[in-house]
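Asks: The lines below spell out each chain.
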Amino acid sequence: MYEFFVILIPRHMPFLIEGALVTVQLAVLSIAVGIVIGLVVALGRLSSFRPFRWALTTYVEIWRDVPLIVQLLVIYFTLPEIGISLPAFAAGVLGLSLNVGAYLSEVFRAAILSVDSGQKDGGLSIGMSRVMIYRRIILPQALRIAVPTIGGYFIGLLKDTSLVSYISVSELLRNGVIIISNTFQSMQIYLMVALIYFVLSFVASILVARLERRLTPAYLRAGHITPAGAHP
Amino acid sequence: MAHVDNVMPGKTLLQVRDLKKRFGHFEVLKTIDLAIEEGKVTFLIGPSGGGKSTLLRCLNFLEKPSGGEITFDGERLCGEEAGRFACAPESVLRRVRTRMPMVFQHFNLFNHRTVLENVVEGPIFVQRRNRDEAITHAQDILRRVGLYDWSDRFPGQLSGGQKQRVAIARAVAMKPDLILFDEPTSALDPELVSGVLDTIKALAEEGSTMVVVTHEMAFARRLADTVHFVCDGVIAESGPPAQLFDNPRSERLKNFIGSILR
Chain E
1 MYEFFVILIP
11 RHMPFLIEGA
21 LVTVQLAVLS
31 IAVGIVIGLV
41 VALGRLSSFR
51 PFRWALTTYV
61 EIWRDVPLIV
71 QLLVIYFTLP
81 EIGISLPAFA
91 AGVLGLSLNV
101 GAYLSEVFRA
111 AILSVDSGQK
121 DGGLSIGMSR
131 VMIYRRIILP
141 QALRIAVPTI
151 GGYFIGLLKD
161 TSLVSYISVS
171 ELLRNGVIII
181 SNTFQSMQIY
191 LMVALIYFVL
201 SFVASILVAR
211 LERRLTPAYL
221 RAGHITPAGA
231 HP
Chain H
1001 MAHVDNVMPG
1011 KTLLQVRDLK
1021 KRFGHFEVLK
1031 TIDLAIEEGK
1041 VTFLIGPSGG
1051 GKSTLLRCLN
1061 FLEKPSGGEI
1071 TFDGERLCGE
1081 EAGRFACAPE
1091 SVLRRVRTRM
1101 PMVFQHFNLF
1111 NHRTVLENVV
1121 EGPIFVQRRN
1131 RDEAITHAQD
1141 ILRRVGLYDW
1151 SDRFPGQLSG
1161 GQKQRVAIAR
1171 AVAMKPDLIL
1181 FDEPTSALDP
1191 ELVSGVLDTI
1201 KALAEEGSTM
1211 VVVTHEMAFA
1221 RRLADTVHFV
1231 CDGVIAESGP
1241 PAQLFDNPRS
1251 ERLKNFIGSI
1261 LR
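Chains as they are written, first to last, in our numbering: chain E, 1 to 232; chain H, 1001 to 1262.
It should be emphasised that the hints constitute simulated quantities derived from the structure, not laboratory data. Computed from a prediction, not measured in an experiment: that's the story for all the values here. Every residue gets a Cβ at the ideal spot worked out from N, C-alpha and C, and that includes glycine. One should not assume that every hint holds.
Claimed, not checked - Which chain H residues stay away from chain E? Per the calculated CB distances, all over 12 Å, these:
(1) Phe1061
(2) Glu1069
(3) Glu1121
(4) Asp1182
Said to hold, decoys possible - Derived, one-sided and incomplete: chain E residues facing chain H with beta-carbon distance under 8 Å:
(5) Val60
(6) Glu61
(7) Asp65
(8) Pro67
(9) Gly118
(10) Gln119
(11) Gly122
(12) Leu139
(13) Pro140
(14) Ser170
(15) Ala194
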């Protein structure tokens, strides 16, 4: 116990935190790119242009049916064979964001479809274009519906970044493994790694909950009733 | 509230000839001929599934007709083009819809926008009118439909009757030439119907041109200049309300009126 807190933590924490910062960068960048991919794919799959729809559906299906670790290995080790060679960090972000993007596209699609479609007619009836209806009416409502689920995927993603250690990105888990290979203190070091992942995810879930509350608009909040005494 | 300046009385605003609409193999509208005059209130009545709502939605091209010709204020919006039926491009149809907005059975308000934002959306973002002028105009309309004090509420905080009056205000704010009403009171609780009907009546009395699909026969009788009985995809009978309701000629209209007044 004494050794763990007084010697091991001060000695190894800085290197682990260095890795944790990379983990956070991977997660934040990947969710940002993933949100863009997810939104574009969702809109594309709802479009009436059939080849486009099929291509995007195929992407979503493939990415959801192949394990993330295999996707990362393919991007990092197989793409160079056809001349696309990416640095490990970029390969990690690409792999993670394509993966989370595929899932988020389903989230966005469901959110868009859940917005009462009568509002489309409402927009058309005052001369709005379809693009304008999406931009001003449908998407603002759909995005608010999607926020909690995106938050959940972000927390999942934060932990999935550990898989990127397989393609030699120096993130939290890999730095832990490096320490272990020098010190052979696997029990203590893995415990520290676990602790840091826990803190990261816990803080992320608090931030997500706070964001969710801030973004919940008045029209969706509770207490949403006609005030007493007001006559229709 | 609608544009009535600089127009000759009796001018035909909307002309429909031999309009057809098919959904797959089902002919909802077989052949419809209809003329809407400026300043007149036209009612479409008839049994459910007879095609009256579809006809209304074809007038502003929320449904694309399958054949026939529609002319709005001298501009042909659909018809035969080199032997093939075609509709005007979407940009033209959008411009026409700003002059011919629709009020729906289920209101179709924008749920994430306040009452005032719902009403100014079209004037500011579609018609690109001056923001302050549009807001003042919208507030004026809201005052007239009795909802000025509710400007900052969201649709979810309103009763059905209030929602429908906001929807009417949203249409009126476009300074339209013609307003289409698609069963505006059918989704309302009985005690809320009269408020909406009064609002429509006030518009009619100001000289607005409108086409109303409704099941409110007493209302049609009081307000209509012309009533068309739409049944089985055709206009089976037309005329002033007194004639249609008191002296129906066709068997179908007699049965329909009988079933309503039962």
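Asks: Run every hint past the structure and note whether it holds.
Replies: Outcome of the hint check:
| no. | hint | result |
| --- | --- | --- |
| 1 | Phe1061 | violated (9 Å) |
| 2 | Glu1069 | holds (22 Å) |
| 3 | Glu1121 | violated (7 Å) |
| 4 | Asp1182 | violated (9 Å) |
| 5 | Val60 | violated (28 Å) |
| 6 | Glu61 | violated (30 Å) |
| 7 | Asp65 | violated (36 Å) |
| 8 | Pro67 | violated (39 Å) |
| 9 | Gly118 | holds (4 Å) |
| 10 | Gln119 | holds (6 Å) |
| 11 | Gly122 | holds (3 Å) |
| 12 | Leu139 | violated (10 Å) |
| 13 | Pro140 | holds (6 Å) |
| 14 | Ser170 | violated (44 Å) |
| 15 | Ala194 | violated (42 Å) |
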